[in-house]
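Q: Protein chains in written order, with the numbering used here: chain L, 1 to 114; chain W, 1 to 111.
Simulated from the structure, these hints should not be mistaken for lab results.
Where hints are given, some of them may not hold.
Some chain W residues near chain L, calculated using beta-carbon distances under 8 Å [to be verified]:
{"hint": "1", "residue": "38"}
{"hint": "2", "residue": "42"}
{"hint": "3", "residue": "43"}
{"hint": "4", "residue": "45"}
{"hint": "5", "residue": "99"}
No more than 27 Å apart at the CA atoms, straight line, and that leaves these computed lysine-lysine pairs for DSS-like [what the hints assert, rightly or not]:
{"hint": "6", "chain 1": "W", "residue 1": "24", "chain 2": "W", "residue 2": "78"}
{"hint": "7", "chain 1": "L", "residue 1": "71", "chain 2": "L", "residue 2": "55"}
{"hint": "8", "chain 1": "L", "residue 1": "63", "chain 2": "L", "residue 2": "17"}
{"hint": "9", "chain 1": "L", "residue 1": "3", "chain 2": "L", "residue 2": "57"}
{"hint": "10", "chain 1": "L", "residue 1": "106", "chain 2": "W", "residue 2": "24"}
{"hint": "11", "chain 1": "L", "residue 1": "106", "chain 2": "W", "residue 2": "78"}
In this text, all values refer to a predicted model and were calculated from it rather than measured experimentally.
Here a beta-carbon is modelled for each residue, glycine too, at the ideal position from N, C-alpha and C.
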Amino acid sequence: SQKIEQNSEALNIQEGKTATLTCNYTNYSPAYLQWYRQDPGRGPVFLLLIRENEKEKRKERLKVTFDTTLKQSLFHITASQPADSATYLCALINSGGGADGLTFGKGTHLIIQP
Amino acid sequence: DAGVIQSPRHEVTEMGQEVTLRCKPISGHNSLFWYRQTMMRGLELLIYFNNNVPIDDSGMPEDRFSAKMPNASFSTLKIQPSEPRDSAVYFCASSPGQPQFFGPGTRLTVL
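Could you put the whole structure together from the sequences, leaning on the hints where they help?
A: Here you go:
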């Protein structure tokens, strides 16, 4: 069966350190993988998209890697700040592209401690 | 720019009642998605539309759920009759392709 797995336990990181979140998937051939941030009581907010033929994408303090052989994406936040505390969701589109619906992992709750 | 607008933000109803959730997508976006989020199951896709046409409703849990998109600026998700297990946060999202832009959600409680 298809699965998207993220660490369900909260991740506690000291301010200033790099936070690394993991997304593993099975039985998917994703055309895209996306990362979203969700704060309590709010909808998910898009952060980064990486395509199947890309290995790495960066945006400011954020970096995403995508290894289709390992079926894994890593999401890094460098120089982490307490304001980065949130739940981070990875999501796949299992098709050749287009505006198909996303399949989400359950998210990892990240806590950045001052 | 206004983002995706959902109403109501909170809804409390009794089992057996009809519930209608509303969504106004971002202007110019041609795809609209309805998701449901619970602690147990996470965020699940219910149905999505391209150019107002339903494309995939395989995520709709039962016949009690129905969704419509009569025009490019409005969509509804209806539950009739509602049951306590329908309690969740329902999100609408719109997209010009990728990525998706989510509304603030409707928190539904069915007593």
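Q: Tell me, in ascending order, the numbers of any earlier hints that this structure violates.
A: Hint 1 is the one this structure does not satisfy, whereas the remaining hints hold.
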